Amino acid sequence: MMIAKNCQELMDFSPQRFGEPQQTGPLTMVPYYGLDRGSRYTPPLSGLKLSKVKGYGNVEMKNPHGEGVAIVPLHIGYIQDGAQNHCLCRSAFIGGKQEIMFRDACCVQQSIGGYLKEKEQWFFILPLQLREKALRLRGVEEYGKLWPAITELNQQFGLKTKGHLDYLLCGERPRLNQYRNQIEVMPGQTGALFLINGHVVGLELTPTPEYFKELWSALLCFCYGVAAMQATLKKGLDESKIEFEASAGLAGLRTALLARRAELQETVATAVQEFSRQQFQQDDKQEQYVDLAMATVESASFMGQVVFDGSDIVYASIFAKQAAYHAAARG
Amino acid sequence: MSQKTLYGHLTSEQPPLVLGRKAVAPVMGDIDFHEQAFAGDPVGYALAALGPSVKPVQQERVLYVLLKSSWAALVDEHRQVLERVVRVLARIIHPDRVLLIFLALRRVRANHKHASRAMLEFLANHPCLEDLALRRRQVVREVFEHALGVNTARGWVKSMIDEKQAPASLPRFRHDPERVRAVAPYVFKLHNPPSAPGQNYLREHTALHKKLSGLFEAASQPKTVTAMNRGRISATLVQIYRGGENRELLDALDQAVREEAAKLPFFQGRLALVLDASESTRGYGEREYCNVAQSVALTKVLERCCTECKVFMVGGNGDPPRPEGMTDMATALLDALEWSPDLAAIVTDGYENRLSGDLAQVVRGLREMGQPTPVCFCHSKFTAKDSLELRRPAPDMPETEFWHQADFKNVFLYLLGQVDTDLVKQSMAGQMQEHLRAYEQRIQT
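Chains as they are written, first to last, in this note's numbering: chain A, 1 to 331; chain B, 332 to 776.
Read the hints as simulated data drawn from the structure, not as lab findings.
Values in this document were obtained by computation on a predicted structure and should not be read as measured data.
Do not rely on the hints blindly, as some may be mistaken.
As the list claims (entries may be wrong) - From the structure, some residues in chain A lie toward chain B, with a derived Cβ separation under 7 Å: (1) Gln-23; (2) Leu-35; (3) Gln-178; (4) Asn-181; (5) Gln-182; (6) Glu-184; (7) Ala-246; (8) Leu-253; (9) Arg-254; (10) Thr-255; (11) Leu-257.
Note that the Cβ used here is the ideal one computed from N, Cα and C, for glycine as well.
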């Protein structure tokens, strides 16, 4: 049974929850300031570990902390030298000291041998363009299931046509890392809305600022950074000019600058409004952990996974589907 | 021509000077600019070639124009300065390029006495004359022929090997006549190659550049750049940022800033500094605080080197400013310009996240409205080799960069080069004379 959910039930859209937008090229990030839900939720870098890979497609994760719960970020993946890199297709709860084997993980590095080990915990989040495919394939136990989509993505970037996500994530890493400096995480930020060319393409909410901070680089550089990079290739950089009367001097230039910023604020506000009207269908195959519930949600243009604590939302990763992303990238 | 235009051009990249095999003149797109600059102020133009951040391709152009142009209208004092600049340029430019410039002078039939003297002096006193003759024989011969005249050159060489004749009269600029005597006949194919080939001229040039590298900027980058080997001021600031804000460190900071400021010229004017201390300047890992520390170090030094200086902070909090907040350089620049400074500089890591593109728009707007105040971009880097490819929020703006405290003087001179007041021009001329002296001393040793 599917339960209909209005987007406004998923999160608080009050303007005071949103910070000032930050922008680089086609990518805009609007900080979201939610409640800090305390130390119960262990962050993904310090509170969640990849323990081993037991045969391709089987990834074991653990929460080394004695108490609290780790919410596995949706589409987390690990890259190590000399091992076949893997990523997960879904989110999950891992309680303190608990270990969980994900048998529906997928390999993102075709034809490379070796198993991931616990030694390194450098993680990424799947590029936006691959997320719909990966989420739809959750539960499917076939480790090569994402190779065709990765091959297609590599092709779009003019890279070698193989199911190797490394070509993109490692090959373009210097460029992707720059997003980390161009867009900055704000103190107290627990989530973010991501827009491409003024259209919402992702909503990420986390339980605490620490959680968000640890997730930030992977999310920004590899998930939305790759999407922004492709949008730049598709549409080119914005060459618009600021309109002002040269005779008005510095004051005129300042007014024109503020007007331009107000215009962008308005574009963002309109995009957020539009997003808030999305009608989501909630999957009834929920995962439970004590009083927490995890569900998969889908609307006409978006899908993702959310975690509820009663009626409150504590974690969400909702992203634009392929068609919606490409429409946004074309501007 | 204004100082700003001249330095702006000399610090910009241009395609290298090209001389085709049968071309009658070299290809040099900006020849008019250089000739105009020389005609306006020959000494200022020549000295500017030794200024900070001047590109090697521009130094080649300056050497070419200096030797091609007539000095007849110049007073002796000015001629001497030009001669010294030519001598220095001929040594610091790559020898192959210098020979190319001499060939270009032959093609355009530029045979002023100062040009002939410069050519002969370059060849006769070159520490690797033997190697030059062995590897570039034909070009060296052409240069000798152009400098002395074909017949004179051939007669001069013949007289060297003809035992019946009295020893040839040797040009006065030769320090070691015996070396020339050993090489010149071979160059004209009248004798065997010199028995001792001497030092490789390419290696000698590399060694010379290594020797000159620490003269006006940081000595070559150490193998590993750390927070502690980028100059005393930034090292102390990093210690303070890491929680060591005690009296000893604050005193050491003050002392280091005072010492560095004493090495810099004084700017008689109002300087507005837009200091970026946003979150991105914090960095992470071993580089944490390095970027902001070097920016703050430059700011603190420059504050002491001008009549009036005002700092416009972007993000940041406290003194020294702790990196935080967003990068809104566009508004800060407008604030700075409203203060009516003589010069405005933006000191930043180059990442703009408060509505990226705004700074470029404002800079374009300022140009459209004919804003007279020069505005420069100063990139704060961690190492000399940091790529700035994606760190130029306003690519049209004049820019300079620094990673080490030793770069501060160059940065300041670059900034002063953008100002056109008489006082600053005088100060710059004095600085460039000092550069000339320093080059001469370093080359001689």
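Hints, one by one, checked against the model:
1. Gln-23: holds, 5 Å
2. Leu-35: Hint on A:Leu-35: violated, closest Cβ of chain B at ~22 Å, above 7 Å.
3. Gln-178: Holds: closest Cβ of chain B sits about 5 Å from A:Gln-178, inside 7 Å.
4. Asn-181: holds, 4 Å
5. Gln-182: holds, 5 Å
6. Glu-184: With Cβ-Cβ at 4 Å, under 7 Å, it holds.
7. Ala-246: holds, 4 Å
8. Leu-253: At about 5 Å, which falls below the 7 Å cut-off, the nearest Cβ of chain B leaves the hint on A:Leu-253 intact, so it holds.
9. Arg-254: Interface hint status for A:Arg-254: holds (5 Å vs cutoff 7 Å).
10. Thr-255: violated, 10 Å
11. Leu-257: At 6 Å from the nearest chain B Cβ, A:Leu-257 passes the 7 Å test, so the hint holds.
Hint violations for this structure: numbers 2 and 10, all remaining hints satisfied.
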